[in-house]
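Sequence lines, in order, name chains A and B. Taken in order, the first sequence gives residues 204 to 507; the numbers are from my numbering. Taken in order, the second sequence gives residues 204 to 507; the numbers are from my numbering.
Keep in mind the hints are simulated off the structure, nothing from the lab. Be careful, since some hints might not be right.
Identical copies go unnamed one by one, so any copy, or any two together, can satisfy a pair.
[Said to hold, decoys possible] Below 20 Å or equal to it, Euclidean Cα-Cα: the simulated PhoX-like pairs (lysine-lysine) are:
#  : residue 1 : residue 2
1  : K208      : K298
2  : K208      : K491
3  : K208      : K440
4  : K507      : K305
5  : K280      : K486
6  : K486      : K208
7  : K379      : K403
8  : K415      : K208
9  : K461      : K502
10 : K362      : K507
11 : K415      : K486
12 : K280      : K304
13 : K280      : K298
Each chain, letter by letter, is given below.
Protein chains: 2
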Amino acid sequence: MSDVKRRVLSIQSHVVHGYVGNKSATFPLQVLGFEVDAINSVQFSNHTGYDVVKGQILNETELDELFCGLESNNLLKCYSHLLTGYIGDVSFLRKIAEIVKKLRSEESKIIYVCDPVLGDNGEMYVPAELLPIYQTVIVPLADIVTPNQYEAELLAGMKISTESDVWKAVDWFHEKGVDIVAISSSDFGQRGELRTFLSKRNGPRFALNIPKQGTSISFTGTGDLFASLFLAHSYRKHPDQLGYVLERTVATLQAVIKRTIAEIPEAMLNGKEAPNYSQCELKLIQSKADIENPQVVLKAEQIK
Amino acid sequence: MSDVKRRVLSIQSHVVHGYVGNKSATFPLQVLGFEVDAINSVQFSNHTGYDVVKGQILNETELDELFCGLESNNLLKCYSHLLTGYIGDVSFLRKIAEIVKKLRSEESKIIYVCDPVLGDNGEMYVPAELLPIYQTVIVPLADIVTPNQYEAELLAGMKISTESDVWKAVDWFHEKGVDIVAISSSDFGQRGELRTFLSKRNGPRFALNIPKQGTSISFTGTGDLFASLFLAHSYRKHPDQLGYVLERTVATLQAVIKRTIAEIPEAMLNGKEAPNYSQCELKLIQSKADIENPQVVLKAEQIK
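Just chain A, with the same shape it has in the complex (with noise of 0.2 Å):
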């Protein structure tokens, strides 16, 4: 039997069509060969953008029903790693905290991916009392935090005008107590290019610049997609390795946006004519080559 555990329980939201959450989140790292326990913390038709959005929301009481289904059988174990992504809800985000202490208590070596949701461009889409909570709870738990520029200013409670305050955004992060800060976008690139960032607590940090892919439209799911490969790209990776981490999980991340943008049309990509938001969700499933093996064509700079 193997000894390498790679199991996730994921708890993000579920969409029947499209690609955010879990449906962005699964495929990627199955794909890699990991298990996925998803718990789904919505079930919504499509994601929020669409003009019309119906379905459900898993509550704290349900999301802890769940959980206990697993422990009753002596299921909490079998984790290498929780990923948790957009969470809307103060009680849901406190249950989420206890989910990750009962998790650590059983098998110590679980690995925390927190995708810290809380806006993009300078907007917050989540309710700003979830902000205090994940300042004080939920990131202390973290090992591995993927925040966009925005998400980093909010929680290390700074604005980042400056390459030396995206350093110092990332300290607050590893003051408390995150192993790994992966900055997923930022605008310090050249122009017409954003940057991410990578850092490691007392170890290496690397950057990276991504060609913005020319278009008005901006892909849903993204982010999601990230955190789940940068997840299976940087399990039981030595420190020295992470500027490849970063490399191949933003050489797919083009990958799919790429052949996601190939598929539509002209007018819809220069503006011309409104998006229609099902043409433009991610070509996930067209690019497993991409995921499997990811050609990275940008590289990663270490950072002295």
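Following the hints, complete the assembly by docking chain B onto the known chain A.
Just chain B now, with coordinates in the frame of chain A:
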């Protein structure tokens, strides 16, 4: 843009841990290039064979809500297939019938693959009231059905005692309008074998013997896996290729079961130790290569 739609609306159970229902069907379909829009008819911690089961059941009103969400966003035309498996409730099953009709009115070419899950080995595990609805409403809407022998007996309303009876039962489905009937397992093999049957209306017929893999454990989720693999391999195949479709479906199934058995302790396999259900879960994720490239060793015979 690709003119071949490969997108399945799959209405089945979801379990957090393990592989039945949508957890058994989705990964193989995705690996074989199909997008899967999964409506989870339940969210349970695990399958019902475990000591404890916790979770939530979707009712027909909530199913309708999700479906209306898809409809409101004009997404019903995007499906090549509808796949349904275990359904435990009369109202839910009646709602499925409405959904098939609505989907077909939007996309006449949609293929409805119905796994009429009723029971196994002479024991029904759904309420008896479902049977007449399957017989008179659901089966006549299906293009492909994948009952086991016992389910074929219940539906066709006859005891299947000889191989000639098998074809009589198969004809009952064809007379109801079903294009392809796959009897996923039966007692008519040689000693130590199961026998599967496949028939196309006004087309060829096949049978294939499957050696039982020596164990007293019956694995959960294999029927759901059969239906999803058959869906994927049969899509757009010429009737003459149907034997090969069955061979590939069975090849993957056998490989998954073999890999699953290989990780179960001997004492559990031979019944000296009680089965640990978690250890008996299908090793589906680990079988990606067998899903992508089934190694056919068991050949189908064409029945004259």
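Going through the hints against the structure:
| no. | hint | verdict |
| --- | --- | --- |
| 1 | K208 / K298 | neither (25 Å within a copy, 41 Å between copies) |
| 2 | K208 / K491 | between (22 Å within a copy, 17 Å between copies) |
| 3 | K208 / K440 | within (14 Å within a copy, 39 Å between copies) |
| 4 | K507 / K305 | neither (38 Å within a copy, 61 Å between copies) |
| 5 | K280 / K486 | between (34 Å within a copy, 18 Å between copies) |
| 6 | K486 / K208 | between (29 Å within a copy, 13 Å between copies) |
| 7 | K379 / K403 | within (13 Å within a copy, 64 Å between copies) |
| 8 | K415 / K208 | neither (36 Å within a copy, 29 Å between copies) |
| 9 | K461 / K502 | within (18 Å within a copy, 41 Å between copies) |
| 10 | K362 / K507 | neither (23 Å within a copy, 77 Å between copies) |
| 11 | K415 / K486 | within (17 Å within a copy, 39 Å between copies) |
| 12 | K280 / K304 | within (13 Å within a copy, 45 Å between copies) |
| 13 | K280 / K298 | within (19 Å within a copy, 39 Å between copies) |
Hints 1, 4, 8 and 10, counting from the list given before, are not met by this structure.
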